[in-house]
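Asks: So the protein sequences, as listed, match chains A and B. In terms of the numbering used here, the first sequence has 230 at position 230, counting the first letter as 1, and numbering is strictly consecutive. In terms of the numbering used here, the second sequence has 578 at position 132, counting the first letter as 1, and numbering is strictly consecutive.
Calculated directly from the structure, the hints in this document are not laboratory data. Remember, predicted model here, so these are calculated numbers, not experimental data. Just so it is clear, CB atoms sit at the ideal spot from N, CA and C, and this is done for glycine as well. Any given hint could turn out to be false.
What the hints assert, rightly or not - These stretches of chain A come out as covered by chain B in the derived footprint (C-beta under 8 angstroms, 3 or more residues):
{"#": "1", "segment": "14-24"}
{"#": "2", "segment": "28-34"}
Said to hold, decoys possible - No more than 20 angstroms apart at the CA atoms, straight line, and that leaves these computed lysine to any residue pairs for SDA-like:
{"#": "3", "chain 1": "A", "residue 1": "Lys369", "chain 2": "A", "residue 2": "Ala344"}
{"#": "4", "chain 1": "A", "residue 1": "Lys195", "chain 2": "A", "residue 2": "Gly163"}
{"#": "5", "chain 1": "A", "residue 1": "Lys222", "chain 2": "B", "residue 2": "Arg528"}
{"#": "6", "chain 1": "A", "residue 1": "Lys222", "chain 2": "A", "residue 2": "Ser298"}
{"#": "7", "chain 1": "A", "residue 1": "Lys340", "chain 2": "A", "residue 2": "Pro380"}
{"#": "8", "chain 1": "A", "residue 1": "Lys195", "chain 2": "A", "residue 2": "Gly214"}
{"#": "9", "chain 1": "A", "residue 1": "Lys195", "chain 2": "A", "residue 2": "Thr263"}
{"#": "10", "chain 1": "A", "residue 1": "Lys222", "chain 2": "A", "residue 2": "Glu234"}
{"#": "11", "chain 1": "A", "residue 1": "Lys222", "chain 2": "B", "residue 2": "Ala525"}
{"#": "12", "chain 1": "A", "residue 1": "Lys222", "chain 2": "B", "residue 2": "Leu567"}
{"#": "13", "chain 1": "A", "residue 1": "Lys195", "chain 2": "A", "residue 2": "Ala266"}
{"#": "14", "chain 1": "A", "residue 1": "Lys222", "chain 2": "B", "residue 2": "Val569"}
{"#": "15", "chain 1": "A", "residue 1": "Lys222", "chain 2": "B", "residue 2": "Tyr524"}
{"#": "16", "chain 1": "A", "residue 1": "Lys222", "chain 2": "A", "residue 2": "Val233"}
{"#": "17", "chain 1": "A", "residue 1": "Lys222", "chain 2": "B", "residue 2": "Arg565"}
{"#": "18", "chain 1": "A", "residue 1": "Lys446", "chain 2": "A", "residue 2": "Thr237"}
{"#": "19", "chain 1": "A", "residue 1": "Lys340", "chain 2": "A", "residue 2": "Ser312"}
{"#": "20", "chain 1": "A", "residue 1": "Lys222", "chain 2": "B", "residue 2": "Arg566"}
{"#": "21", "chain 1": "A", "residue 1": "Lys195", "chain 2": "A", "residue 2": "Ser115"}
{"#": "22", "chain 1": "A", "residue 1": "Lys222", "chain 2": "A", "residue 2": "Ser283"}
{"#": "23", "chain 1": "A", "residue 1": "Lys222", "chain 2": "A", "residue 2": "Gly297"}
{"#": "24", "chain 1": "A", "residue 1": "Lys195", "chain 2": "A", "residue 2": "Glu136"}
{"#": "25", "chain 1": "A", "residue 1": "Lys340", "chain 2": "A", "residue 2": "Gln313"}
{"#": "26", "chain 1": "A", "residue 1": "Lys340", "chain 2": "A", "residue 2": "Lys369"}
{"#": "27", "chain 1": "A", "residue 1": "Lys222", "chain 2": "B", "residue 2": "Asn521"}
{"#": "28", "chain 1": "A", "residue 1": "Lys222", "chain 2": "B", "residue 2": "Thr568"}
{"#": "29", "chain 1": "A", "residue 1": "Lys222", "chain 2": "B", "residue 2": "Glu570"}
{"#": "30", "chain 1": "A", "residue 1": "Lys340", "chain 2": "A", "residue 2": "Leu322"}
Said to hold, decoys possible - Pairwise CB distance ranges (calculated):
{"#": "31", "chain 1": "A", "residue 1": "Asp24", "chain 2": "B", "residue 2": "Ile554", "range": "25 to 35 angstroms"}
{"#": "32", "chain 1": "B", "residue 1": "Arg608", "chain 2": "A", "residue 2": "Ala365", "range": "35 to 45 angstroms"}
{"#": "33", "chain 1": "A", "residue 1": "Gly180", "chain 2": "B", "residue 2": "Asp471", "range": "26 to 36 angstroms"}
{"#": "34", "chain 1": "A", "residue 1": "Pro265", "chain 2": "B", "residue 2": "Asp458", "range": "52 to 62 angstroms"}
{"#": "35", "chain 1": "B", "residue 1": "Ile554", "chain 2": "A", "residue 2": "Gly251", "range": "23 to 33 angstroms"}
{"#": "36", "chain 1": "A", "residue 1": "Asp24", "chain 2": "B", "residue 2": "Tyr605", "range": "30 to 40 angstroms"}
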Amino acid sequence: MTSERDFDRLARAWLEQGPDEAPDRVIAAVLQAADTLPQVRRRVAWPTRRHVQMNRLLLFAGAAVLLVAVIGGGALIGGSKNVAVSVTPSPTTVPSPSTAPSAAVTAPVPSAIQSTWVGAPRSIPGLLASARYRLELTPDTFRFPFDDVVQNQLLASASTEDGDVLRLSSISTPGGCQVGDVGTYRWSLSPSGRKLTLTVVNDACAARRAAVPGDWQRVACKNTDSACFGDLVEAGTYPSQYYAPRLPADGSWQPDWGALTYTVPAGWANSADWPNSFVLTPSDDYAKEGPTGPPDGSVHEISAFRLPVAVSQDAACVGPTLPSSPTSVAGLIGYVQGLKSVVASAPTSIAIDGHPATWIDVTIAPTWKASCPDVAIGEPAALLLGSGDASADQHIIGLVGSEKVRLVFVDVGGQVALVVIDSSDPARFDDLVAQAMPIIGSFTFK
Amino acid sequence: MRDLVIGAQNGDREAFAALVHMTSDRMYALAARILRDNVLAEDALQGALITVWRQLPTLRDPDRFEAWVRRVLVNACYAEARRRRAWAANVRVLPVDGPAAPDGIVSIDDRDALDRAFRRLTVEQRAVFVLHHHVGLPLVEIAETLGIPAGTARSRLHYATRVLRAAVEADAAPVAKEGRTA
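Please build the complete structure, drawing on both the sequences and the hints.
Replies: Here it is in structure tokens:
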């Protein structure tokens with residue numbers, strides 16, 4: 001045992017090990033940003049000045065509306081057929097947002113679109129390429145960071161004009177953009193608020209003009225250890241971000257937009273997305289999950305794993321990988337069928353995205369009594385397979401009590417992906433299978 | 447420092463630059479220890495200092511500058527950890543550069559055990575642990591800095607200590623794979 005004093009000393013010494021000098025480039029970036037960013041002023045000078053300016057602009061806008069009304073009214077009174085008076089200002093009367101102050105009403109970025117959003121790869125001049133892009137909106141800031149670079153690639157102050165136009169003013173200068181470059185984008189949300197669509201109105205910054213337009217999916221994962229989409233709410237076809245079913249054991253992992261795509265009806269959630277594992281959960285069950293996953297004993301989900309391997313059932317249920325683990329679909333199915341701990345159904349062959357696949361249903365054998373340390377006393381537990389390699393998240397796939405699982409092994413071209421339909425509640429298993437199989441049938445593997 | 451804070455509050459960029467140079471090393475060291483990832487720590491520091499510049503006029507008591515900055519930084523660490531946890535937890539678990547402990551009391555095994563266990567803590571638990579053991583703040587000050595009840599700070603510290611201590615004590619035992627049973 002470690003005494004309290006020893007541990008405190010050890011902890012302090014361990015924490016001493018680490019960098020103590022802030023990198024100069026970070027300080028330089030901060031001071032550069034401070035040169036261009038206004039401070040949030042006290043409620044004396046700044047809002048007053050803005051209000052004065054705004055009042056004058058509103059007065060002008062009111063006069064313009066009145067003028068249109070008079071013209072329109074006059075036309076109606078006069079009985080003219082030319083009553084279709086356009087209220088859309090001529091382009092020549094609206095100053096370019098990148099060159100002059102706009103007469104539009106500005107406001108903070110609305111809370112509905114303040115979030116982290118992710119989107120598909122795109123070609124952006126002057127910026128590093130990525131297999132997935134991310135943009136972040138706060139009440140007053142826009143960030144377009146690259147996963148592996150310290151500096152924000154496109155940092156801008158953000159506000160909205162006229163409600164549905166996002167106004168961005170560059171703070172950083174990557175991609176050939178200049179500090180102060182203004183871009184405007186019209187935004188709209190899907191009914192659920194999960195998908196953001198941005199279309200360019202005007203932007204002096206070419207890199208941002210290439211980066212921002214398009215559809216963006218909200219990151220709304222309960223588990224903060226994962227950047228999954230969370231409750232998808234709406235039916236549709238969605239991409240994975242991290243799951244890498246075809247990444248070899250010694251491969252180097254990075255985000256990969258759409259390595260798996262899937263089509264779900266309304267009412268499903270993407271509850272986890274990792275290099276080795278990907279999970280879809282009915283929305284009602286996802287609503288019961290906490291940040292670390294479903295409550296104990298209430299798993300009800302479709303999980304996809306990378307690199308399934310045979311494991312042995314040790315007393316501690318650590319599940320060490322068998323050195324001679326099979327690596328083919330047939331070999332892995334044969335391994336599961338041969339386990340004394342389970343009863344497996346006859347294999348059924350199917351095809352998923354043109355890939356040969358086989359599924360079996362598995363339950364614990366009536367004769368199997370062994371359990372695991374963290375399982376309720378008296379309940380049998382059987383380890384089936386391990387997943388993944390040591391470079392990323394690892395999982396042990398097993399069964400407890402009367403639980404039943406369907407294991408779908410897919411040959412994704414040289415290696416196997418494993419999809420598991422799993423419900424802790426045997427009474428709900430068949431219903432889950434009925435919902436899950438069409439979803440699994442929609443899987444595509446990039 | 448008070449004069450610099452007041453100057454920076456009134457838009458004096460030179461005063462702000464002086465404050466940045468005075469505080470950035472301590473802030474970076476704190477962020478690097480909470481996040482255990484130099485890249486994330488740099489992002490957190492940059493974001494926090496920009497927030498400090500923008501929000502400085504709203505700081506009512508210039509004498510509370512350091513504590514306020516610490517709070518801004520810890521919030522930036524929370525944001526970075528949540529934005530980038532997938533990297534931090536799985537792939538970009540980078541060794542933190544720096545000198546070895548002067549008295550050599552942290553063995554490689556202890557360090558590895560602590561590193562692994564620390565990554566299993568939530569960023570909120572990490573922050574309390576680092577503020578207590580590295581910055582040396584008492585619990586009541588940690589609670590005030592983070593804007594949380596003292597009881598919450600105490601329970602986070604207790605949990606973090608229990609996990610890390612157990613990791614050190616279990617150092618010689620075989621390491622179980624992480625993950626949940628499906």
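Asks: Within 20 angstroms, alpha carbon to alpha carbon, are Lys222 (chain A) and Ser283 (chain A)?
Replies: Judged against 20 angstroms, a Cα distance of about 12 angstroms means the pair holds.
Asks: Decide if the proposed pair is consistent with the structure: Lys340 (chain A) and Lys369 (chain A), CA atoms, cutoff 20 angstroms inclusive.
Replies: 11 angstroms, holds
Asks: Against the 20 angstroms threshold, does the CA-CA distance of Lys222 (chain A) and Gly297 (chain A) hold or violate the hint?
Replies: 18 angstroms, holds
Asks: Between the alpha carbons of Lys222 (chain A) and Tyr524 (chain B), is the straight-line distance 20 angstroms or under?
Replies: Within the cut-off at roughly 15 angstroms; holds.
Asks: Regarding the pair Lys195 (chain A) and Glu136 (chain A), is the alpha-carbon distance no greater than 20 angstroms?
Replies: Status holds; Cα separation ~14 angstroms.
Asks: Given that the segment 28-34 of chain A was listed as covered by chain B, double-check it with a C-beta distance under 8 angstroms for 3 or more residues.
Replies: holds (count 5)
Asks: For a C-alpha distance cap of 20 angstroms, please report whether Lys446 (chain A) and Thr237 (chain A) respect it.
Replies: Roughly 14 angstroms between the alpha carbons, so the hint for Lys446 (chain A) and Thr237 (chain A) holds.
Asks: Please test the hint of 30 to 40 angstroms on the beta carbon pair from Asp24 (chain A) and Tyr605 (chain B).
Replies: This hint holds: roughly 37 angstroms between Cβ atoms.
Asks: Mind checking the alpha carbons of Lys222 (chain A) and Ser298 (chain A) for me, to see if they're no more than 20 angstroms apart?
Replies: At roughly 16 angstroms apart (the allowed maximum being 20 angstroms), Ser298 (chain A) and Lys222 (chain A) satisfy the hint.
Asks: Do the alpha carbons of Lys222 (chain A) and Thr568 (chain B) lie within 20 angstroms of each other, as the hint requires?
Replies: 13 angstroms, holds
Asks: Is 23 to 33 angstroms right for how far apart the beta carbons of Ile554 (chain B) and Gly251 (chain A) are?
Replies: 28 angstroms, holds
Asks: For Lys222 (chain A) and Arg528 (chain B), compute the direct alpha-carbon distance and say whether it is at most 20 angstroms.
Replies: 11 angstroms, holds
In summary, this structure violates none of the numbered hints.
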